[in-house]
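2 protein chains.
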Amino acid sequence: MSRDPAQMTIVEASRAIESGKLTPSALTDACLDRVEEREPETRAWAYCSGDQSRMAARLLDSQSSTGALHGIPFGVKDIIDTVEMPTEHGTPIFTGHRPVRDAACVALLKEAGGVCFGKTVTTELAHFHPGKTRNPHAATRTPGGSSSGSAAAVADCMVPFALGTQTTGSVLRPASYCGVYGYKPSYGDVSRSGVFECAASFDTVGWFTRCVEDIEIVRRALIRAPSKPLQPAELSQLTIGFVRDVAWSKVEPATQKLIESAAKQLGLAGASVEDIQPNAGFEDIAQHHRDIAGYEFARAITWERTNRQRLLSPKLLNGRCEDGLRCSYERYSNAQSELAVQRMAIAKTMQKFDLLLTASAPGEAWEGLEATGDPVCNTAWTALHLPTVSIPAFKGESGLPIGLQLVAGFRQDGQLLAAAESIRLALDCQV
Amino acid sequence: MSRDPAQMTIVEASRAIESGKLTPSALTDACLDRVEEREPETRAWAYCSGDQSRMAARLLDSQSSTGALHGIPFGVKDIIDTVEMPTEHGTPIFTGHRPVRDAACVALLKEAGGVCFGKTVTTELAHFHPGKTRNPHAATRTPGGSSSGSAAAVADCMVPFALGTQTTGSVLRPASYCGVYGYKPSYGDVSRSGVFECAASFDTVGWFTRCVEDIEIVRRALIRAPSKPLQPAELSQLTIGFVRDVAWSKVEPATQKLIESAAKQLGLAGASVEDIQPNAGFEDIAQHHRDIAGYEFARAITWERTNRQRLLSPKLLNGRCEDGLRCSYERYSNAQSELAVQRMAIAKTMQKFDLLLTASAPGEAWEGLEATGDPVCNTAWTALHLPTVSIPAFKGESGLPIGLQLVAGFRQDGQLLAAAESIRLALDCQV
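Order-wise, the sequence lines are chains H and D.
Numbering (the working numbering) for the first sequence: 1 to 431.
Numbering (the working numbering) for the second sequence: 1001 to 1431.
Simulated from the structure, these hints should not be mistaken for laboratory data.
A virtual CB, placed ideally from N, CA and C, is assigned to each residue, including glycine.
Treat the hints with care, as some may be off.
To be verified - Quick list of simulated restraints, FRET-style, between CB atoms: (1) Arg-326(H) / Glu-1084(D): 28 to 34 Å; (2) Glu-37(H) / Gln-1309(D): 37 to 43 Å; (3) Arg-98(H) / Gln-1237(D): 52 to 58 Å; (4) Gln-1309(D) / Arg-98(H): 21 to 27 Å; (5) Gln-1309(D) / Asn-279(H): 47 to 53 Å; (6) Gln-1237(D) / Gly-281(H): 46 to 52 Å; (7) Gly-1267(D) / Asp-275(H): 54 to 60 Å; (8) Ala-340(H) / Ala-1280(D): 20 to 26 Å; (9) Lys-21(H) / His-1097(D): 53 to 59 Å; (10) Gln-63(H) / Gln-1309(D): 33 to 39 Å; (11) Asp-1061(D) / Arg-98(H): 33 to 39 Å; (12) Gly-281(H) / Ala-1139(D): 25 to 31 Å; (13) Ala-269(H) / Gln-1309(D): 24 to 30 Å.
Kindly produce the complete structure, drawing on both the sequences and the hints.
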């Protein structure tokens, strides 16, 4: 074995396991070694028990392939229930809590042969208050959030993939900051059974990988579809809409330049790239999202709010929670209706485009560990329920990763990933 | 106190408590007496601890009003998490399970001053396999399901209201069979945080009461809106669509006659009643619902399916589960798209009608306790996400209750209840 198995993608590791060059145990051991080496700096894990993942891997050593993820270790954001490991939701309210069952997404990955490797750090209840994780590329910077540990663990080669969740920009932003692939499926495609509810209208299970093909492998396991290799789209067949919407003004000029040069490069490589004009009312989507997310969150966490108030951070309690309680049903209902109109408008737009291209985040990861960055580039796509992927396409002025965000039409996830693979090839992106 | 407090509606009990004629403790004690008397026959409760509800009520005795439900006991379907009581989901898989927090709906009712009285019997994982509950009007008959115990407990005056859930017809049908009011809100209006997930695209928290006003009081507590008395609609201002759709052919002739005579009566009382023609494709809604519900359920219960298979009933495992696993993502996705089209079509129809009128169930409660009846009259409205209410309007040939179902446009829940109250008055319905 010339290459460290911990560095392998799912595709590479699966091939090595299938050909007998690697065992699930050896892969898990390599990942555990990597955790031992890097965890003191990166702090990606809320819980990581070598004994448990070693035992799970050993059981798979002697079996022939159990599924598309046979022997592949994965991390699980700590707002997702696991029966064998604590699930603490990033708050002292749930210290030591052991769920009675695995979340559906965890059970589906195990059913496909995956090895549940540990629980990754989340911000407090998947909101703003950060956990202990640092950016693997620069320990003084945030890894992004709320799926902080999942992004960092994959970036730092501790696991080939990890589950996160996104209600605003909690997968795409950390993927961009940590320099890995991040994917948020179409709303509703992956079961949220056993995932802590923040805002039911937006909450989506997503994941981080180190290549596009791996996203598709995990996706097929989670929707429980038969395996099928990802075929890159023909670049010359793609019509790409370049989005410079209201969020674009928040994107740093240096990042704007990178995205613009990528758009040009894709055009030169044969894709049709056109500017798109956002629909009327598009600029209000973020406010509707805020109203709905606050309204739903403040109600969803009523038990915590009324029984464990002093354990909630002031930021959460006086910010999103207060705002959400103040939002009336009429305002909430109106915001929902407006978003329904915007979803129909974007569906019409997407008849003309195979995908949209924009920034994943305003720039490189923020300096400091007190805040997890700005989800401004992600809110609208989450609110519109569209599938999105972040490709680690660029390095910024400080040498840190910056992602390119691709967005496709509702339930066009397969097409999105096929296009993402051809765009990655055209831009020659490497994690 | 001339009247047994256990017989009181929320409105009546609240008035008595506010005027000092009744204490929360006395109300809870009256309900517990009623449980002692009736539970051996009705078997509505999965868990009912007098000590716990007595203690909660006593704490409220000395306080002035804590909210719109001050001192009002309520039952909770046993697929809804409660921190102080077991939550067993109607299956031996979860025997004795104690959740770490209250579901949002339970915490919201407690926040409004409600007394969590106990856990009501559910069918296995809110599906087909019945629990132990009997119809309070005829012990040899089903109470309906899956919210069996909640409907029976309210009908039998053990609690003034109880929470259920509906994924197909699990609130409306038992309401009809047990002769109480049953209400399913617009999809998404009430948080499902802490409710066992069956099919995320349809699952809705609903409830049972003994009058229309009580539905509105509970609704306002659950959306956390300020209290506001329900004003009955002007009957002469209502345009009612009489639905005799594909499900109508499954309604027993005697029930058809009852509904038809009610429609006539409402017309005579001043309402405008017109037949409505279902939109093209309406007849396929039930199949789309079945595809989606099966697909989502089979994935949501992956942990149970892969770890506790032998504890699942063959009916569940070989029926809905197998069907759901066989349903492809493409079929699922197509069914979702078709339903989206139907939702837009019904929204257009509802511009012409204030509400729709049809049967709540095909007839009286089925004889026997092996099956919970047919949800055929409810599936389409659940699939369309519309709010519906069942009014206990009739007695059938065996003297057992039969409900009248009213349906309103999406998020027109307030209007639906205002109209339901005026229709109840016009038809002179009494529980």
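Hints, verified against the model:
1. Arg-326(H) / Glu-1084(D): 28 to 34 Å: holds (30 Å)
2. Glu-37(H) / Gln-1309(D): 37 to 43 Å: holds (40 Å)
3. Arg-98(H) / Gln-1237(D): 52 to 58 Å: Cβ of Arg-98(H) to Cβ of Gln-1237(D): about 56 Å, so the range 52 to 58 Å holds.
4. Gln-1309(D) / Arg-98(H): 21 to 27 Å: holds (22 Å)
5. Gln-1309(D) / Asn-279(H): 47 to 53 Å: Once the Cβ atoms are compared, 48 Å apart, the range 47 to 53 Å for Asn-279(H) and Gln-1309(D) holds.
6. Gln-1237(D) / Gly-281(H): 46 to 52 Å: violated (33 Å)
7. Gly-1267(D) / Asp-275(H): 54 to 60 Å: Once the Cβ atoms are compared, 58 Å apart, the range 54 to 60 Å for Asp-275(H) and Gly-1267(D) holds.
8. Ala-340(H) / Ala-1280(D): 20 to 26 Å: Hint holds: Cβ distance 22 Å, inside 20 to 26 Å.
9. Lys-21(H) / His-1097(D): 53 to 59 Å: Violated, since Lys-21(H) and His-1097(D) (Cβ atoms, about 44 Å apart) do not stay within the stated range.
10. Gln-63(H) / Gln-1309(D): 33 to 39 Å: violated (18 Å)
11. Asp-1061(D) / Arg-98(H): 33 to 39 Å: Since Asp-1061(D) and Arg-98(H) have Cβ atoms about 36 Å apart, the given range 33 to 39 Å holds.
12. Gly-281(H) / Ala-1139(D): 25 to 31 Å: violated (57 Å)
13. Ala-269(H) / Gln-1309(D): 24 to 30 Å: Given a distance of about 51 Å, which is not inside 24 to 30 Å, the answer is violated.
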